[in-house]
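Novice: Here's the letter readout for the chains.
Protein chains: 2
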Amino acid sequence: MQYIDFDKTKAFKTLAGLALAGKQFDYAAAFAGDLAAKRIQNAIAPMAGGLSYSYAAKPVDETVLAALQAVADEQELIAKYKALLGGETMNTGENRKVLHHLLRGQLGGDVIFEGKNLGEFYKQELARFSQFADDVHAGKIAGTTGKPFTHVVQIGIGGSDLGPRALYLALEQWAAVNGKKKLDAKFISNVDPDDASAVIASVPLERAVFVLVSKSGTTQETLANELFVKEKLKAAGLDPSKHIVAMTSETSPLAHNPAYLDSFYMDDFIGGRYSSTSGVGGVILSLAFGRDVFKQLLEGAHEADSLALEPDILKNASLLDALIGVWERNFLGFPYTAVLPYSQALSRFPAHLQQLDMESNGKRVNRNGEQVRYATGPVVFGEPGTNGQHSFYQLLHQGTDIVPLQFIGFIESQRADDVVVDGSGSQTKLKANLAAQIVAFAKGKHDANPNKEFTGKRPSSLIFGKQLAPRALGALLAHFENKVMFQGFVWNLNSFDQEGVQLGKALTKKALAGNSGDAALDAYSRLLGI
Amino acid sequence: MQYIDFDKTKAFKTLAGLALAGKQFDYAAAFAGDLAAKRIQNAIAPMAGGLSYSYAAKPVDETVLAALQAVADEQELIAKYKALLGGETMNTGENRKVLHHLLRGQLGGDVIFEGKNLGEFYKQELARFSQFADDVHAGKIAGTTGKPFTHVVQIGIGGSDLGPRALYLALEQWAAVNGKKKLDAKFISNVDPDDASAVIASVPLERAVFVLVSKSGTTQETLANELFVKEKLKAAGLDPSKHIVAMTSETSPLAHNPAYLDSFYMDDFIGGRYSSTSGVGGVILSLAFGRDVFKQLLEGAHEADSLALEPDILKNASLLDALIGVWERNFLGFPYTAVLPYSQALSRFPAHLQQLDMESNGKRVNRNGEQVRYATGPVVFGEPGTNGQHSFYQLLHQGTDIVPLQFIGFIESQRADDVVVDGSGSQTKLKANLAAQIVAFAKGKHDANPNKEFTGKRPSSLIFGKQLAPRALGALLAHFENKVMFQGFVWNLNSFDQEGVQLGKALTKKALAGNSGDAALDAYSRLLGI
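Top line first, the protein sequences correspond to chains S and R. Residue numbers in the first sequence follow this note's numbering, run continuously in steps of one, and reach 530 at the last position. Residue numbers in the second sequence follow this note's numbering, run continuously in steps of one, and reach 530 at the last position.
Since the hints were derived computationally from the structure, they do not count as laboratory data. We treat Cβ as the ideally placed atom computed from N, Cα and C, and that holds for glycine. Take these hints with a grain of salt, some might be off.
What the hints assert, rightly or not - Chain S stretches covered by chain R per the calculated footprint, using a threshold of three residues with CB under 8 Å from any CB of chain R:
| hint | stretch |
| --- | --- |
| 1 | 9-22 |
| 2 | 64-78 |
| 3 | 303-313 |
To be verified - Not everything, but these chain S residues come out facing chain R in the computed CB check (under 10 Å):
| hint | residue |
| --- | --- |
| 4 | I141 |
| 5 | P258 |
| 6 | L261 |
| 7 | D262 |
| 8 | F392 |
| 9 | N515 |
To be verified - Result set (DSS-like, lysine-lysine): computed pairs, CA atoms no more than 27 Å apart in a straight line:
| hint | chain 1 | residue 1 | chain 2 | residue 2 |
| --- | --- | --- | --- | --- |
| 10 | R | K445 | S | K182 |
| 11 | S | K505 | R | K445 |
| 12 | R | K505 | S | K445 |
| 13 | S | K505 | R | K232 |
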């Protein structure tokens, strides 16, 4: 297996040769008459969890798809994925394996590290926190006063916050109407004291269990917020050790610590932004919705991971999505992409994908630490539709630049509670808006008045399915994790470290120590009254 | 006064001549030793509400600032602002005045339309909904059962949602600890039925007053959600006409309608994304926090509007911010900008700015409807710090592209509830992180290992002040409104219409009617089970 920079491949040159034609892709022809129905019917790749990936509104034809297949083959994307599954050191910068897929199920051989079967370890921790959730629900585990817990509060930041929060919100309403809602969940993330203070004030402390999440056990924000919570618990006459569980690595200071009600473990092979399917997401989701819901989420993710092994890009949605993204980024020149879920439940899913993508592939050096000569990860942003339509879509339709779009939509709502106005329900209106936007972005509309003209030619893809339920959500999550992984392989990056966060940490320590010796830092510290 | 395209100005050519030097701006030199302290001390423009705008970490020197002043002068930015204040038809596409400044106070002559003094009209409506809020708080106005209202729910989308929601969240905690919190507020925006259904299920309907916001009274999402709410109220045995107030224009079907408890009015001269300081934001904020809090917010905004009249760009923060943005967009080539508030209370403020900016200036035609030959509004996104540091900052520090940054921070927290860990409080840590990030982005850090190297040269500005309180928030809001307005003037755009939303609306109607005759639309409708 070879790791080479993308611009050194034959496929790169082929795609560069296709770029001009790609920029002139004729959406109107592709979406005209019988061709449209045929294209939209055919340009669908199956996904896990009952989802599908539609790429009919992407600027690709058979020639481009063949060239993208050649990228997949030449950069050995599936082989690299298999190596990752098999436990190779894919996080080269930190000399670590990358094993979040193993949290959901085993697709390669056993992964053994220092004599330990890691698949078994992950299963054991899953079983342990599932049992913990059962015991909380049964009232066998309770707080200081013996009253059952009604609230769970996660203390964590970055990957310990965005993914779990997005998943909780994605299932909260589904759970409420399906009899699965067991505990209310809240999240404390920011070191801004107003965040912890407000959340604590909104929760009945006597009935609250806190999940303290830090792999290293040294995250500044999380430790500050832990102490914040402990002081409030004590002030309320409660024993913190009966209200806090730790989710950490076995080598962290939080591990095997009697200060906590219980502790669950991960290891260095689960990156923060890839940790939602570990106990980082699993403890709070199991407490909130029960172990079965989390299990279904894992099953959906595992199914997606299996599908991602398929070498044919037309049968592998995460691979295809990755390659089309590369086409748009490196050859069509689009520096951003918008994630637009037509589902209020996915309100924070774009924020999770923003971390997943930008922290993984926002890099200018390859996996060997050499500077690359091509663009890598794009800026990712997004808000739910139809809200976004009344906000930033103006620029998407008529701005001077083109932003590729990733739509997500579902046939059924989660709460099955709807109202008919003007002959249609709201869920139908939601879907009609979604269909209309895809077509409007692609085809545009001519008007003699340039202010009312829509140039179209704005690419989008659509992930769709029956309903946003746990299995579909797990598949959706893993789809994007695998997409980002494949893009990292194409660009020859290490998608699994984050050296870009280090300098800020070091300077923060200096600023806190005062009189840092850095004149600029001291001057800004003075402005901010530090 | 002349309206000419930006690339036809002399100043454009001057700036184009400076672009190469601008791209090579020496941040390290600017931030080295004594120069750093001096630059950071001097590069501050005063703002309203006790805020300041620091631009020391922007790639500008005296030559560039002089060229930006020349843009302001040549494009007659202050004269155009004065024309707007005076009631000229600045929304050329829709043949409308643009009068949101007049909501906060009068800075020009009386604005008369069809014999009506509009300043007086806005004042009268402000007085009316202020009194309504007083009466609700006093229990003089109550719902069907006579019990006082405890919850207020806004029904609105786009500008009727994002701005009011961002402002509510910005003051919720401040109000809670300052004895100003009167009603809990919630928001229903999306046509996704799960949004309305979930919010309604979370509110005691008997104690809830709804604010129905639609200027035209024809917004599809809002009308669907209104009926949703009405049916739930009826099902709970409540009389909708005792629980809903309308915020609309006097010509809308919602106006003077006995179906509502009361109605408050705006007019066509208040654009949706500029309506937060009208009753669109004012009714719910006055109900939630009392009339005085909203008044202070208006005062802060009015003070900002006054400052924006200053012709010297170094004394006019919104003008300077606008021009530096133009410099970065058109000459340094950055297609996006990130808004990064170090304040959890501003968690949704970036989403509001995203609409404000992208819907106003995401245009490819000038105010006369002719295509422009330069880039206009950038993509805007953002999340609060320190959360973002653990998420997408990796790309900001080490990605292949440069994203200009807008930091916001405050010396004091809102809740004055803090914890000391390792010798510093959380608020101090928050500020230390902020100072550290600005310096890290600007200066970077050399390392022999390219993976640990930070190239720096990543521009940022900082808005800072003592505390996020109503007056500061009003100033902050108006700062960005005025910034966007000035950029629109530079680019010769009409920043006040939004033709880009129309095509989607038309195609949605077709999709809902079924068998639209558009093969692509029909095919997507089938995929989504419409």
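Novice: Compare the structure with the hints numbered earlier in the document and write down the numbers of the violated ones, lowest to highest.
Specialist: Result: hints 1, 2, 3, 4, 5, 6, 7, 9, 10 and 13 break, sorted rising.
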